[in-house]
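Q: This is what each chain is made of:
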Amino acid sequence: MSDNKEQTFFTALSDAVLDMDEVKVEEIAHRVIKEKIDAYRAIENGLVDGMNRAGQLFEDEEYFIPEILLCSDAMYAGLNILNPYINREQQRTRKKVVIGVVEGDTHDIGKNLVKTLLDAAGFEVVDLGRDVPPAQIVNAAIAEHADVIALSTLMTTTMDGMASVIKILQESGHRDAVKVIVGGGPISQSFADRIGADGYAPSAPAAVKLLHKLFKDSIYA
Amino acid sequence: MNGITPKNRLLDVLNKKATDRAPVICMGGMMNASIVEIMNSTGFTLPAAHDNPDLMASLAGAIQEQTGFENLGVPFCMTVEAELLGSRIDKGTLACEPKIKQEAFGSVGDVIFRDIDEMLESGRIQTVTSATATLSQTHKQLPVVVSMTGPISTAASIINPMAFYKELRKNPANAHRVLEYVTELLIGFAARSVRAGASVIAIGDPSATGEILGPVMFQEYAVRYLNILTEAVHGFGVPVILHICGDINKVRSLIPGLKANAISTDAMVNLQKLKEDFPEITTMGNLSTYSLEWGSPDKISVQTQKLVDDGIDIISPACGLSTSTTLANIRAMTRTVQGE
Chain S
853 MSDNKEQTFF TALSDAVLDM DEVKVEEIAH RVIKEKIDAY RAIENGLVDG
903 MNRAGQLFED EEYFIPEILL CSDAMYAGLN ILNPYINREQ QRTRKKVVIG
953 VVEGDTHDIG KNLVKTLLDA AGFEVVDLGR DVPPAQIVNA AIAEHADVIA
1003 LSTLMTTTMD GMASVIKILQ ESGHRDAVKV IVGGGPISQS FADRIGADGY
1053 APSAPAAVKL LHKLFKDSIY A
Chain Y
1084 MNGITPKNRL LDVLNKKATD RAPVICMGGM MNASIVEIMN STGFTLPAAH
1134 DNPDLMASLA GAIQEQTGFE NLGVPFCMTV EAELLGSRID KGTLACEPKI
1184 KQEAFGSVGD VIFRDIDEML ESGRIQTVTS ATATLSQTHK QLPVVVSMTG
1234 PISTAASIIN PMAFYKELRK NPANAHRVLE YVTELLIGFA ARSVRAGASV
1284 IAIGDPSATG EILGPVMFQE YAVRYLNILT EAVHGFGVPV ILHICGDINK
1334 VRSLIPGLKA NAISTDAMVN LQKLKEDFPE ITTMGNLSTY SLEWGSPDKI
1384 SVQTQKLVDD GIDIISPACG LSTSTTLANI RAMTRTVQGE
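So the sequences go chain by chain: S and Y. Just remember that the working numbering sits 852 ahead of the position in the first sequence, which is counted from 1. Just remember that the working numbering sits 1083 ahead of the position in the second sequence, which is counted from 1.
For the record, the hints were derived by calculation from the structure and aren't laboratory data. These numbers come from a predicted model, not from an experiment. Keep in mind that the hints are not guaranteed to be accurate.
[To be verified] Calculated Cβ distances over 10 angstroms to all of chain S for the following chain Y residues:
hint	residue
1	P1130
2	G1192
3	E1263
4	E1294
5	G1297
6	S1336
7	P1339
8	D1349
9	T1372
10	R1418
[Claimed, not checked] Reference listing, derived: stretches of chain Y covered by chain S, where coverage requires no fewer than 3 residues with Cβ under 8 angstroms from a Cβ of chain S:
hint	stretch
11	1248-1262
12	1315-1325
Just so you know, even glycine gets a beta-carbon here, dropped at the ideal spot from N, CA and C.
Given the sequences, and given the hints that come with them, work out the whole structure.
A: Structure, rendered in structure tokens:
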């Protein structure tokens, strides 16, 4: 298989993700398997590349939530097909993020978006869902040996829950083991500083950049 | 008071007539002021007041009396409509507002269209209209504001929101059918509220922000159905306040196309600038609810005075209040506007 031909497949995967075309992604992914193209590289240079381009369009305000969600569906459709074909040695342990929406808030659009983009960026993401009590978030992070707790809220009324998570971490002696990042409509850098979070991200793409910064660009544990 | 009632003052502002000063209100619904402090001192408590019209009226009355907000606002949640349409609701607790436990449908194609008139005779719409009827009789000088959940937010409360947002793009025909259905229910709810004595209808549509939808879909779905609802309410002879969540920058140019009598925004929006750019808009807002919860009365007073000095037409909290906000802080806000 020539590099050129491989690259044609990767580009096609990337474009299909960007075009929100789930069916086309599946079709190309099956052909990648059939042609014995390296699945790991097809994911990295195809699916993830497409999702990163979508994230860029989101930052540029050409794509919005519906588009990103559809791109993400397309990416996951491809991952489902390609993941079983990844070699063992290609699977290094990656940094783990526990993500959730604090109790009291049932909005999870922002959280889902961050999850998708972190997935695409190569982090291992454990999704606790929405409306999660602070203690449960901490327990999950400890049980999962998570490197990061990512919290989102869309409502001012649930911001206290973010502070609780950090307090529980401190009281249980786990604060240094995990980084806490926060985001969502009503959250600001000053709020993040006040509650002692490790970082604040104003948008989903910014959350990815924030983690890259906190971990000095390494997604591996 | 120099002769003008709070009700007339608010209606005058909404009808673009000159008044002595800006009203200071809290619209209810997603932005209600049922703080724990008031509930504990009066014994009129949530979640019981969500279901009981007498308790709902009593709590709304107590909030008005203690905070100094110049209106009565009901209900205290944004789940009335979704519950009626079949979603499972968690009624919450004293300190935590009700929320959708499980949306009724998985996708726009699954929605079962039920008889609207039948639905309007059932559920907590009766609670809200009955409380409205009581309040409009017991507080004749104050406007009763009935807060409703906007079309997109209602639809995203009865259909899994992730699926719903995707289907706005993938399945527009069915998405429009659902939004027409939901909007018709909301119009019926508004009609009954007005008949019960509501002076103003407020709409909060937090799932329909420009940040989520982008300008194209904001125009196609949000503006369209909000305007259908607003014009229907105008047909009942009542003005409409519309609260838009989040940063409106991405849809700024579309705001003048909204037919609501006043536009309320979140704290990050510069309302003075919005007024400058679009003088025809009646602005409402936008005292940070973060300040209201964490700030000192003095700081709140300064921030409120700035809104007044900026010429914001109606002063109100910018978002949903935390139930742990103190009465002293809310009073600092209302008293500043009232010049006390």
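Q: At 10 angstroms, judged by beta carbons, does Y:S1336 keep clear of chain S as stated?
A: 13 angstroms, holds
Q: Does the claim that Y:G1192 lies outside the interface with chain S hold up, using a Cβ gap greater than 10 angstroms?
A: Answer for Y:G1192: holds, closest chain S Cβ roughly 16 angstroms.
Q: Could you check that no beta carbon of chain S comes within 10 angstroms of the beta carbon of Y:R1418?
A: 22 angstroms, holds
Q: Are all beta-carbon distances from Y:T1372 to chain S longer than 10 angstroms?
A: Not fine: 5 angstroms to the nearest Cβ puts Y:T1372 too close to chain S.
Q: Residue count check for the stretch 1248-1262 of chain Y against chain S: does it reach three with CB-CB under 8 angstroms?
A: holds (count 5)
Q: Quick check for students: does the CB of Y:D1349 sit more than 10 angstroms from each CB in chain S?
A: Answer for Y:D1349: violated, closest chain S Cβ roughly 7 angstroms.
Q: Once the closest CB in chain S is found, is it more than 10 angstroms from Y:E1294?
A: For Y:E1294, whose nearest Cβ neighbour in chain S is about 8 angstroms away, the distance does not exceed 10 angstroms, so it is violated.
Q: Going by Cβ atoms, does Y:G1297 stay more than 10 angstroms from chain S at every point?
A: 3 angstroms, violated
Q: Just checking, Y:E1263 versus chain S, shortest CB gap more than 10 angstroms?
A: Its Cβ never comes within 10 angstroms of chain S, the nearest being 19 angstroms, so this holds.
Q: Under 8 angstroms between beta-carbons, do enough residues of the stretch 1315-1325 of chain Y, three at least, approach chain S for the coverage claim to hold?
A: violated (count 0)
Q: Beyond 10 angstroms from every chain S Cβ: check whether that's true for Y:P1339.
A: Per Cβ check, Y:P1339 is outside 10 angstroms of chain S; nearest 20 angstroms; holds.
Q: Over 10 angstroms from every CB of chain S: does Y:P1130 meet that, or does the non-interface label fail?
A: Y:P1130 clear of chain S: closest Cβ-Cβ about 13 angstroms, beyond 10 angstroms.
Hints 4, 5, 8, 9 and 12, counting from the list given before, are not met by this structure.
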